[in-house]
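Keeping the supplied structure of chain A fixed, place chain B upon it in accordance with the hints.
Chains as they are written, first to last, in the numbering used here: chain A, 52 to 549; chain B, 52 to 549.
Please keep in mind that the hints were generated in silico from the structure rather than gathered at the bench. Incorrect hints may have been included.
Chain copies aren't distinguished; within one or between two, either way the pair holds.
In silico DSS-like cross-links for lysine-lysine, where the CA-CA straight-line distance does not exceed 25 Å [claimed, not checked]:
#1 K147 / K502
#2 K259 / K517
#3 K162 / K276
#4 K110 / K95
There are 2 protein chains.
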Amino acid sequence: MSTYEDMLEISEQLRNIQRALYLLAWDERTHMPEGAIEGRSESKAELSQLYHKKLTSEKTKKVIDELNKESAQADMDEVQKAAVREMTRDFERRYKIPDELIKEMSKVSTKAQSAWEKAREKSDFELFLPHLEKQVELKKEVAEYIGYENEPYDAHVDEYEPGFTAEKIERIFKPMKKNLSSIATEIFAKELEPGEDVFEGKKFDVEKQKKFCEWLAGELGYDYKHGRLDDAVHPFTMGMDDDVRITNRYSEENLNSLFSLTHETGHALYEQGLPSDWYGHPLGQRISMGYHESQSRMWENFVGRSKEFIDYLFPELRDEFSSLEENTAEGFYKRINRVKPTFIRVEADEVTYNLHIALRFDLELGLFRDEIEPEETKTVWENKMDEYLDIVPEDPAEGVLQDIHWSAGQFGYFPSYALGNLYAAQIYDTLEGEIDGLRDQIVQGNFDELKNWLRENIHQHGRKHKAAEMTKRLTGEGLDARYHIDYLEDKYGPIYEI
Amino acid sequence: MSTYEDMLEISEQLRNIQRALYLLAWDERTHMPEGAIEGRSESKAELSQLYHKKLTSEKTKKVIDELNKESAQADMDEVQKAAVREMTRDFERRYKIPDELIKEMSKVSTKAQSAWEKAREKSDFELFLPHLEKQVELKKEVAEYIGYENEPYDAHVDEYEPGFTAEKIERIFKPMKKNLSSIATEIFAKELEPGEDVFEGKKFDVEKQKKFCEWLAGELGYDYKHGRLDDAVHPFTMGMDDDVRITNRYSEENLNSLFSLTHETGHALYEQGLPSDWYGHPLGQRISMGYHESQSRMWENFVGRSKEFIDYLFPELRDEFSSLEENTAEGFYKRINRVKPTFIRVEADEVTYNLHIALRFDLELGLFRDEIEPEETKTVWENKMDEYLDIVPEDPAEGVLQDIHWSAGQFGYFPSYALGNLYAAQIYDTLEGEIDGLRDQIVQGNFDELKNWLRENIHQHGRKHKAAEMTKRLTGEGLDARYHIDYLEDKYGPIYEI
Chain A
52 MSTYEDMLEI SEQLRNIQRA LYLLAWDERT HMPEGAIEGR SESKAELSQL YHKKLTSEKT
112 KKVIDELNKE SAQADMDEVQ KAAVREMTRD FERRYKIPDE LIKEMSKVST KAQSAWEKAR
172 EKSDFELFLP HLEKQVELKK EVAEYIGYEN EPYDAHVDEY EPGFTAEKIE RIFKPMKKNL
232 SSIATEIFAK ELEPGEDVFE GKKFDVEKQK KFCEWLAGEL GYDYKHGRLD DAVHPFTMGM
292 DDDVRITNRY SEENLNSLFS LTHETGHALY EQGLPSDWYG HPLGQRISMG YHESQSRMWE
352 NFVGRSKEFI DYLFPELRDE FSSLEENTAE GFYKRINRVK PTFIRVEADE VTYNLHIALR
412 FDLELGLFRD EIEPEETKTV WENKMDEYLD IVPEDPAEGV LQDIHWSAGQ FGYFPSYALG
472 NLYAAQIYDT LEGEIDGLRD QIVQGNFDEL KNWLRENIHQ HGRKHKAAEM TKRLTGEGLD
532 ARYHIDYLED KYGPIYEI
Chain B
52 MSTYEDMLEI SEQLRNIQRA LYLLAWDERT HMPEGAIEGR SESKAELSQL YHKKLTSEKT
112 KKVIDELNKE SAQADMDEVQ KAAVREMTRD FERRYKIPDE LIKEMSKVST KAQSAWEKAR
172 EKSDFELFLP HLEKQVELKK EVAEYIGYEN EPYDAHVDEY EPGFTAEKIE RIFKPMKKNL
232 SSIATEIFAK ELEPGEDVFE GKKFDVEKQK KFCEWLAGEL GYDYKHGRLD DAVHPFTMGM
292 DDDVRITNRY SEENLNSLFS LTHETGHALY EQGLPSDWYG HPLGQRISMG YHESQSRMWE
352 NFVGRSKEFI DYLFPELRDE FSSLEENTAE GFYKRINRVK PTFIRVEADE VTYNLHIALR
412 FDLELGLFRD EIEPEETKTV WENKMDEYLD IVPEDPAEGV LQDIHWSAGQ FGYFPSYALG
472 NLYAAQIYDT LEGEIDGLRD QIVQGNFDEL KNWLRENIHQ HGRKHKAAEM TKRLTGEGLD
532 ARYHIDYLED KYGPIYEI
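Here chain A stands alone, though its shape is the one from the complex (with noise of 0.2 Å):
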């Protein structure tokens, strides 16, 4: 066996690892009695141990070694060069860090989100505060083993944005924040609510949103042959190759299962996109969480929140729901797209999303530059909501307690939400100039050609591709919020009458 298939074995028993620990998640979240927790922690924590002894190993990391010298190198293809590449890239961010680190980050991590967890219940940043501070004290210390471009955060956007840089997102977020306040200034200042009364006073069995959904994720071309709907209190979709499961979760007040729906949708044709060949080999996963997340948002708005869309839906929904008999599918159209300054980020709609985003990019940039204090935080981010969207929770629990990241380590996710928005307009506008008639393909709720693209033109690529070399080859530029401004402004002039 050649030193390449040396590495292609060991990313197939990662692989393997890593679908059994993806299955226990998987489960803990969907199906898991509640007693259960303690077992199941610890045979996360044995596999999660198999699995990085098994990375770190001095096997994997002579392989490594070996295939990253010049001699090597120069009888490689371009595959086998991205596959040494990113192969390389997850051994080295677990290689540089000291094992004992590690298991302190564990440690830490289970403490302060049992903390957060209380915390934001009884709304009392105090008892989180120390936690906080712990946890930006190590992931400090993270980066400097791990290295960095420019800062120490770099460090960690790295690990959900290859190749992305703080300096390079500022770059990208300074207009963008100045534009989305000004479109977010304009609407509020109509005081509109655009569209009908469609779910105010109304109840939608539950039952039948489970049916509709099913159906509709079909539809949309997610495959159940390798994969299942459940239900769950945070929607999420789990990934494992030939096995990929979407969730949902459902009120009988609304119709918002829809919308989580297809965005779990897209995550899950982007994951049932990836090719079959590449299951195991350290090229068949997503290019980065902002690429991931690019395909939710496709098709949770672009696709799901248009009005071609909804014009396909409404007649069915109408159909499903008889409360909806005296709507129209302008009225419910419009009805999904209202703009409001919301405190809660997974609440917020397509407008101030991104805002939401560049509060807590800021202050993470500041607690990774020393320039914030972690005590400091529930204050700025006050003052920051009063700057971007004018409102200042006065809880906590809707205010810097809200996310679970902090409390996870999860320093540098967040950019990665805001990326996928811009990622998904730019690449949106180059496929509507490539698919002829895609607006009336989706009224006729046809989406094969448009899941075809995404397909061929990104899912199928794997990370042969970083995000940057792909924004480019896709769209034939870098990447650009305007595109993201562009799409906001045509689609909510219309609805807000601006």
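Just chain B now, kept in the frame of chain A:
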């Protein structure tokens, strides 16, 4: 850390991996999409190998060797000695077999099971024969590596029923067969069809059955905080310490689901009754397959198919299923206890069940004693069916091809099913003497005292005592089939007017 603590740590690590493997298996049989089998198989193989490596590692060997030294044993209490005994047993059963042979067994089993499925579908014995030959050959080889008391078959019996040998089983089965045949002959001669037409021509809503079964398991003492009930084609129980899951199947045509439910609940109560301090401990497991089966058969038959239980359950059933409104508890009780010769073991009644097992034991023993060749199994099967039950399967799918066990290489497993029935009868005889008014409690739907008796006297001891020792402790004597015979005569005499 002492060597003994090292052993406990290894045991816990093994259990952590095993729990993950069990979840993968549970999911595969309940929720997994059909297209996910390949990835699942690979993950299972990976974890199995990690398990095997850990169990047979040089570190484990060193710990085991050390703890088996006289000097080490001298300092141990009873529990510690038992823990070392069981851990040593698990270790040796794996360590003694060469890695190459283990790999071959796995490959042969995969092929044989796939061939068996096809062979059964086409009812073509010849398709399966070469795989049966291979399995017998391999298992004879394995027996030599593992070692045995008197003869090679003992090495395999010992896996499922530690401490048992072919000779011991023969001694128990011989009078059992004779007595069962004589009861069966008497019953068949009566040509009676006791009870009422409770199922014939009726439909029983499957959703209602599921709700009813969910309720019933809870009534019997099953703890949903540490478990859940799902559908499966072949019902099974998966015990994962603080997470013990049961499954069941339902037919619109009858209420057999009630008895598969009581059966699986019996298994689950054993698992849920294991001491939580011993999760991951070498002693934190069932005594043997036969003991496990004794618990399921006790709840299925001694409780579930008793007159008292039906007196308790029937009014509830009739409330739920209106098609039973003209039936009586008495008529229902007799109907579900009809005795008939059947080709298929899993459909057999209490009277004929152990004859199905005796037949398989005869065949396995013949194969391992070189008295029967694999190619003769079909004919010997037919002759024995004729001898024991006076029926001859025309179709190998209803004869020698009906069970999965041989394709999976599980020789030595079948006797445990019969032993389970014998243990159940003997233990139930004891506990009826110790629990005042047990029959009245069952009529009242009060199962607490029974559940607690089993928990305190059996479940809580894990596998501290071997089967023979436990039987002696519980009943004051060794295993004796006459309790099974007495029970059947007492029960079926009145039903068949004998």
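**Item:** Intra/inter-copy verdict for K110 and K95 if alpha-carbon distance must be at most 25 Å
**Value:** both (24 Å within a copy, 23 Å between copies)
For this session: Measure nothing new, just compare the shortest in-copy and cross-copy C-alpha distances for K259 and K517 to 25 Å and report within, between, both or neither.
Result: neither (42 Å within a copy, 54 Å between copies)
(message) Checking an output row: K147 and K502, CA cutoff 25 Å. Within, between, both or neither?
(response) Close neither inside one copy (39 Å) nor across copies (54 Å); limit 25 Å.
Exercise for the section: Go through the copies and call it for K162 and K276: within, between, both or neither, with a Cα cutoff of 25 Å. Expected result: Answer is between: at 24 Å across copies they meet the 25 Å cutoff, but 39 Å inside does not.
The structure shown violates the earlier hints numbered 1, 2.
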